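Enquirer: Fit chain B to the given chain P structure using the hints.
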Amino acid sequence: MSTQELCTACPGKMQVPPGYIEELVDARIKSGVGIVNDNEYRRRMDICLKCDSCLNDAICMKCGCFIQLRALNEFRKCPHPDGDKWDKLEQTA
Amino acid sequence: MKAVINTRNKGPVISRHVYGHFSEHLGRCIYDGYWVGEDSSIPNVRGIRTDIVEAMKAIKVPNIRWPGGCFADDYHWMDGIGPKSERKPIVNVHWGGVLENNHFGTHEFMDLCTQIGCEPYICGNVGSGTVREMRDWIEYLTDDGNSPMAQLRRKNGQDKAWDIKFFGIGNENWGCGGRMTAEYYAYEFRRYATYVRNYKLMGKTDWWKTPHIIKIAGGSNAEHVEWTETLMRIAGRDMGGLSIHCYVKPGEESHGTVFSEKSWYDTAINTLKKEELFKQNISIMDYYDPEKRVMMAVDEWGIWVDNEPDTVPGFLYQQNTMRSALCAVLMLHIFHKYADRIRLANLAQTINVLQAIILTEGSKMIKTPTYYVFDLLKGHQDSNFIPVEWEEKPEKIERGLPHVDISSSMNAEGKITISIVNISTESNAEGSIAFSGKVPVKAIGKILVGEVTAHNTFENPENVVARAFHGFTCENGLLKFNLPPCAIVSLEVETD
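Protein chains in written order, with my numbering: chain P, 19 to 111; chain B, 13 to 508.
Worth flagging that the hints you see were computed from the coordinates, not collected in a lab.
Every value quoted in this text rests on a predicted model; they were computed, and no experiment measured them.
Idealized CB from N, CA, C, for every residue including glycine.
Where hints are given, some of them may not hold.
Said to hold, decoys possible - Result set (DSSO-like, lysine-lysine): computed pairs, CA atoms no more than 27 Å apart in a straight line: (1) 68/P <-> 458/B; (2) 376/B <-> 103/P; (3) 96/B <-> 68/P; (4) 405/B <-> 68/P.
As the list claims (entries may be wrong) - Where chain B lies over chain P, by a calculated footprint (3+ residues, C-beta under 8 Å): (5) 79-89; (6) 92-105.
As the list claims (entries may be wrong) - For each label pair, taking beta carbons as the anchor points, the in silico distance ranges come out as: (7) 235/B <-> 67/P: 41 to 49 Å; (8) 404/B <-> 37/P: 32 to 40 Å; (9) 305/B <-> 70/P: 46 to 54 Å; (10) 426/B <-> 42/P: 52 to 60 Å.
Just chain P, with the same shape it has in the complex:
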């Protein structure tokens, strides 16, 4: 009915606008707090992008995070239930 508000799932309300993730990544890098170096970031991202829990090259289904943001955070671990994939590869490298 016309007087009702749009419900929360109505189109547009839950969409991620273009550039949204990039803006968050840039802001985090500019803050300079608790972020990994560029090499480590790329290494983590490579692992995430090959992981079967990664959705649309952007979302980790094990924690609900944008992989770009989780991989950037030096205090975060990979949440995969079979073990930390970032850590595993570090050991074998």
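Expert: Chain B only, in chain P's frame:
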């Protein structure tokens, strides 16, 4: 403050079903929430996480509403049955366009309910479905005979039909469920509901022994009483329940874990304000249904805060603090007060979404402060509401809020459950409760207490947990209590 609990003044039974939960295909509630699949390294039974099932059994979850929500009106149940490898995937258009493999379908949901020991509350598809699709689902679920759907169910591994207590005819049909007017939906409801029959009744001479399915009509978000009026007027006789959705905002400070005490009080005020909305809707229902046959089903409720930093906004993954626990206990107390009409409620949304009772990250699982509210208050389930009378009312604190909010009930064995929340962030709440009708012999207390922002994390999972409460005495028929600030307490009182 001095309260009196007169056990002769027994009110209606607080249905255990107001302690229900809502689980939608949204974010990580179902997939990577309940459902990890049979091959997961996370301990599971037929793909369903064991730790979650155990946690939900422990708080006596009475029912789960599924599959939505908005998702329900785009869900086609036949895509979620049969061999998993052959199931057609579904694009979850409402929640981020995620492609779901449909491995969690009807059989898996019913298995989840069986493992937990709770009733299923299934919501059918009106928005993009057909009457036939809904009718066939009901036949598939409830027919023990040899109908085509019963045979299909057996082919898929389930011999006996299931018991379905609650069935929703669409969801938010004014919005994501089809953008209908109240009048249009009311007639659609009648058409669909006609074909929602319990097939277990068919051809039985003792059919009255089998309960009918309680058909629940999609309602408004509580503020739009004209929707309630139209539905009750046109379709009230055909429904067993009318849904109401009720989300609470925490004021201007909507961050999940970073906020001031102002937001704590805003949350208390905004939650308590909902009582007026319930009263307005109930008065309309009373007009059309004075016998209170039709129940109000608050089948989506809870606090709505910002999603956690770094997470996908559309997944609605939110942290859960003592502020959330405050919202939960105050809302449950309101449900108790209107127990004769509010007989079903579902907190949104159980695992990893909105005011979740459980959060998961990979193999880790934590219980939120809200989980412990449901633990503390579970003694109220199926007990008679006993209104608390005041000899000396609680003092007013911030912006006219009462210092405490109390609810009490008594079960069939004479055990009294009292839940008390100290709304003040600064001062202890001291008071006494006298009893009339029954004499208290002894009591056991539990407490949930913490700073307003206190919450559990995967690194510190037991920062806020229910603990034994000793801040009370129970002597000579008088119960005296002393609660610290920001505390929720339950007392289980045994009587003579």
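Enquirer: Does each hint hold? Answer for all of them.
Expert: Okay, the hints, checked on the actual structure:
1. 68/P <-> 458/B: Since the Cα atoms of residue 68/P and residue 458/B sit roughly 47 Å apart, the hinted pair is violated (cutoff 27 Å).
2. 376/B <-> 103/P: Holds - the C-alpha atoms of residue 103/P and residue 376/B are around 15 Å apart, at most 27 Å.
3. 96/B <-> 68/P: 24 Å, holds
4. 405/B <-> 68/P: 63 Å, violated
5. 79-89: Holds: 8 residues of the region 79-89 of chain P have a Cβ under 8 Å from chain B.
6. 92-105: holds (count 4)
7. 235/B <-> 67/P: 41 to 49 Å: Distance hint for residue 235/B, residue 67/P holds at roughly 45 Å.
8. 404/B <-> 37/P: 32 to 40 Å: 60 Å, violated
9. 305/B <-> 70/P: 46 to 54 Å: 51 Å, holds
10. 426/B <-> 42/P: 52 to 60 Å: Distance hint for residue 426/B, residue 42/P holds at roughly 57 Å.
Hint compliance for this structure: hints 1, 4 and 8 are not met, and every other hint is.
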